[in-house]
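Participant: The whole structure should be built from the sequences, with the hints applied where relevant.
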Amino acid sequence: MTARAFKIEQLIQLLAKMPGLGPRSARRAVLQIIKKRESYMLPLAALIREVADQIKTCRVCGNLDVTSPCHICQDPKRDTATVCVVENVSDLWALERAASYKGLYHVLGGTLSAIQGTRPEDLNIKTLIERASGGDVGEIIMATNATVDGQTTAHYIIERLKGVSVKITAIAHGVPVGGELDYLDDGTLSAALKDRKPY
Amino acid sequence: MTPKQPGEKPGVAVRRLDLTRFRNYPSTRLEISAPGENCIVLVGENGAGKTNLLEALSYLGPGRGLRGARLDDITTNGAAGAWAVSAVFAGQGEQRRIGCAIEYANKSGGVQGRARRVIVMDETPLSGAAALAPYISIIWLTPRMDRLFQEGASERRRFFDQIVVGLFPDHARQLYAYEKTTRERLKVLTGHGNQRDETWISALERRMAEHAVAIAAARLEGLELLKTHLSFASESRFPIPVLALKGEVEDLLKVHPALAAEEQLAGLLAGERTRDGERGQTGRGAHKTDLQAWHPEKDIPASQCSTGEQKAMLTGIVLAAARLQMSVRGRSPILLLDEVAAHLDQERRTSLFEEVATLGVQTWLTGTDAAIFSPLKGKALFLHVTDGVIENINQLD
Numbered sequence: 240m241t242a243r244a245f246k247i248e249q250l251i252q253l254l255a256k257m258p259g260l261g262p263r264s265a266r267r268a269v270l271q272i273i274k275k276r277e278s279y280m281l282p283l284a285a286l287i288r289e290v291a292d293q294i295k296t297c298r299v300c301g302n303l304d305v306t307s308p309c310h311i312c313q314d315p316k317r318d319t320a321t322v323c324v325v326e327n328v329s330d331l332w333a334l335e336r337a338a339s340y341k342g343l344y345h346v347l348g349g350t351l352s353a354i355q356g357t358r359p360e361d362l363n364i365k366t367l368i369e370r371a372s373g374g375d376v377g378e379i380i381m382a383t384n385a386t387v388d389g390q391t392t393a394h395y396i397i398e399r400l401k402g403v404s405v406k407i408t409a410i411a412h413g414v415p416v417g418g419e420l421d422y423l424d425d426g427t428l429s430a431a432l433k434d435r436k437p438y
Numbered sequence: 042m043t044p045k046q047p048g049e050k051p052g053v054a055v056r057r058l059d060l061t062r063f064r065n066y067p068s069t070r071l072e073i074s075a076p077g078e079n080c081i082v083l084v085g086e087n088g089a090g091k092t093n094l095l096e097a098l099s100y101l102g103p104g105r106g107l108r109g110a111r112l113d114d115i116t117t118n119g120a121a122g123a124w125a126v127s128a129v130f131a132g133q134g135e136q137r138r139i140g141c142a143i144e145y146a147n148k149s150g151g152v153q154g155r156a157r158r159v160i161v162m163d164e165t166p167l168s169g170a171a172a173l174a175p176y177i178s179i180i181w182l183t184p185r186m187d188r189l190f191q192e193g194a195s196e197r198r199r200f201f202d203q204i205v206v207g208l209f210p211d212h213a214r215q216l217y218a219y220e221k222t223t224r225e226r227l228k229v230l231t232g233h234g235n236q237r238d239e240t241w242i243s244a245l246e247r248r249m250a251e252h253a254v255a256i257a258a259a260r261l262e263g264l265e266l267l268k269t270h271l272s273f274a275s276e277s278r279f280p281i282p283v284l285a286l287k288g289e290v291e292d293l294l295k296v297h298p299a300l301a302a303e304e305q306l307a308g309l310l311a312g313e314r315t316r317d318g319e320r321g322q323t324g325r326g327a328h329k330t331d332l333q334a335w336h337p338e339k340d341i342p343a344s345q346c347s348t349g350e351q352k353a354m355l356t357g358i359v360l361a362a363a364r365l366q367m368s369v370r371g372r373s374p375i376l377l378l379d380e381v382a383a384h385l386d387q388e389r390r391t392s393l394f395e396e397v398a399t400l401g402v403q404t405w406l407t408g409t410d411a412a413i414f415s416p417l418k419g420k421a422l423f424l425h426v427t428d429g430v431i432e433n434i435n436q437l438d
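Those protein sequence lines, which keep their order, are chains Y and S. Under my numbering, the first residue of the first sequence carries the number 240, and numbering increases by one thereafter. Under my numbering, the first residue of the second sequence carries the number 42, and numbering increases by one thereafter.
Just to be clear, a hint being listed does not mean it is correct.
[Said to hold, decoys possible] For lysine to aspartate or glutamate, the following DMTMM-like pairs were computed, each having C-alpha atoms within a straight-line distance of at most 20 Å:
1. 406(Y) / 425(Y)
2. 401(Y) / 239(S)
3. 256(Y) / 144(S)
4. 228(S) / 361(Y)
5. 401(Y) / 262(S)
6. 433(Y) / 262(S)
[Stated by the list, open to error] With beta-carbon atoms standing in for the labels, derived distance ranges:
7. 278(Y) / 236(S): 34 to 44 Å
8. 416(S) / 411(Y): 50 to 60 Å
9. 406(Y) / 268(S): 43 to 53 Å
10. 398(Y) / 298(S): 46 to 56 Å
11. 432(Y) / 136(S): 28 to 38 Å
[As the list claims (entries may be wrong)] Over 12 Å on every C-beta distance to chain S, these chain Y residues come out as not near it, computed from the model:
12. 286
13. 296
14. 299
15. 318
16. 330
17. 349
18. 358
19. 372
20. 418
21. 422
22. 423
23. 428
Source of the hints: derived by calculation from the structure; they are not laboratory data. We put the beta carbon where it would ideally sit given N, CA and C, even for glycine.
Facilitator: This is the structure we're talking about:
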């Protein structure tokens with residue numbers, strides 16, 4: 240293998256490690272980047288470099304941005320009394336895409352898992368307790384995933400927040416918008432019935 | 042719950058099965074094309090691969106497979122890499138393709154990483170075997186279960202949970218979540234080098250209690266349904282044992298509402314932290330429940346009955362569970378009956394074959410002697426298995 244071919248192979252191998260990309264998709268992506276050197280490859284390389292130099296983890300909420308505090312924490316139009324707790328930045332982005340939440344966030348950076356060695360001190364839980372105890376926060380919305388680890392982490396945080404004068408809520412679990420009951424699994428239906436609300 | 046009419050829709054059945062590097066099947070395809078072939082008889086000598094075929098099928102439903110084997114022990118001897126099983130299921134007005142394979146954690150295809158079961162349905166990966174429960178139910182009976190009433194509670198509990206999952210698919214998810222939180226709690230309790238986090242343990246215990254109570258509720262409801270169904274059903278000629286569940290969580294649920302039972306159990310678990318941590322095992326919970334059985338006429342524990350009577354009672358439960366599932370969910374399971382004729386007398390064998398032929402449930406039977414299955418002649422697909430090679434022998438002399 241020539242030195243140049245080796246570099247391309249290295250690029251493919253690096254891209255193939257990305258979530259959702261396998262070796263085949265990575266190869267296709269690399270070919271596409273190479274074909275569009277001016278319009279795609281060079282701007283992409285420059286942007287990756289720029290982001291790599293500037294990226295910061297928000298010291299308030301754990302979001303990723305080029306500033307710390309992040310643009311959400313600095314936004315004066317946001318409701319600073321409400322904090323939504325999410326597992327990862329990807330969850331924060333998902334909620335932002337929905338554009339229906341105007342409060343602040345707190346990114347935990349994962350979930351508790353004794354088996355995988357993720358302990359409370361490995362997550363942004365201490366900072367959350369400090370934030371909640373500060374007096375400015377009136378409501379904490381638990382938006383961890385409806386997985387075993389996600390729900391255990393939510394329970395843990397709720398326990399830790401006992402004694403802190405803050406309202407704790409959780410996002411609803413149940414029937415998706417546009418969903419048909421006939422196609423839902425029993426667990427989702429049970430959760431939807433359990434979380435029913437006055438009409 | 043409104044009972045649905047049995048036979049409202051044709052039962053779910055395997056129409057095609059592909060095995061790759063699965064035990065003694067390097068690469069095998071089995072087509073079951075005739076729509077009426079709801080009864081498949083596999084005959085062959087010991088070690089030919091009959092049970093292996095049933096085991097492969099068992100991986101296409103919830104649970105850990107018929108043998109509960111280590112995933113990386115299944116690959117064909119001498120073959121490198123992973124094994125795979127895939128099948129096309131048809132019936133209930135729908136068709137699904139379900140595949141199961143192992144993947145190694147290092148993702149390079151090498152066998153150094155930890156083996157993980159991967160399940161795909163209609164080209165969409167599922168989160169785990171429990172996610173198959175709403176679509177496929179597989180109930181099996183193997184020679185290893187002949188001593189089910191004599192052995193420890195865990196095998197009986199697993200057997201009954203398999204039936205409950207068939208009735209309430211969410212039971213599979215609850216079992217998985219309960220097991221996971223139990224393992225997590227134990228890991229935190231027995232962790233070395235770190236200070237024990239009581240709040241973390243408390244959160245895990247609350248989750249455990251929630252799942253345990255949901256599990257116990259489903260088991261109790263499943264048992265009541267089974268009993269009610271049996272008291273009205275006279276189709277079976279197999280003795281149906283008197284069944285009862287003995288478990289602390291079930292007992293709590295009998296005297297408390299679910300939320301109060303959860304509180305109680307979480308409190309009990311909290312009181313056991315030191316002991317559980319020292320012993321490295323969880324002393325109480327839904328995993329301690331036992332299914333108790335008595336002979337219906339002799340009023341003696343099933344464990345004291347003869348081997349043949351025990352086998353007959355087990356067969357009776359399995360057939361009743363299949364009928365009940367069709368009645369409650371309108372969805373038929375798939376039955377895997379390995380060497381089922383062993384220990385059954387001639388009369389019961391004939392009854393079994395009659396029931397299997399009319400049940401409307403795809404049933405896979407195995408045996409060494411084709412002649413035993415002669416009452417099924419003309420009603421079943423006969424396949425001869427020789428060292429991983431399957432041959433259609435529908436002409437039984």
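Participant: Hints first: check each against the structure and report whether it holds.
Facilitator: Quick rundown of the hints versus the structure:
{"no.": "1", "hint": "406(Y) / 425(Y)", "result": "30 Å, violated"}
{"no.": "2", "hint": "401(Y) / 239(S)", "result": "14 Å, holds"}
{"no.": "3", "hint": "256(Y) / 144(S)", "result": "16 Å, holds"}
{"no.": "4", "hint": "228(S) / 361(Y)", "result": "16 Å, holds"}
{"no.": "5", "hint": "401(Y) / 262(S)", "result": "36 Å, violated"}
{"no.": "6", "hint": "433(Y) / 262(S)", "result": "19 Å, holds"}
{"no.": "7", "hint": "278(Y) / 236(S): 34 to 44 Å", "result": "56 Å, violated"}
{"no.": "8", "hint": "416(S) / 411(Y): 50 to 60 Å", "result": "56 Å, holds"}
{"no.": "9", "hint": "406(Y) / 268(S): 43 to 53 Å", "result": "46 Å, holds"}
{"no.": "10", "hint": "398(Y) / 298(S): 46 to 56 Å", "result": "23 Å, violated"}
{"no.": "11", "hint": "432(Y) / 136(S): 28 to 38 Å", "result": "31 Å, holds"}
{"no.": "12", "hint": "286", "result": "28 Å, holds"}
{"no.": "13", "hint": "296", "result": "24 Å, holds"}
{"no.": "14", "hint": "299", "result": "24 Å, holds"}
{"no.": "15", "hint": "318", "result": "28 Å, holds"}
{"no.": "16", "hint": "330", "result": "17 Å, holds"}
{"no.": "17", "hint": "349", "result": "14 Å, holds"}
{"no.": "18", "hint": "358", "result": "7 Å, violated"}
{"no.": "19", "hint": "372", "result": "15 Å, holds"}
{"no.": "20", "hint": "418", "result": "15 Å, holds"}
{"no.": "21", "hint": "422", "result": "10 Å, violated"}
{"no.": "22", "hint": "423", "result": "9 Å, violated"}
{"no.": "23", "hint": "428", "result": "8 Å, violated"}
Hints 1, 5, 7, 10, 18, 21, 22, 23 from the earlier list are contradicted by this structure; the remaining hints agree with it.
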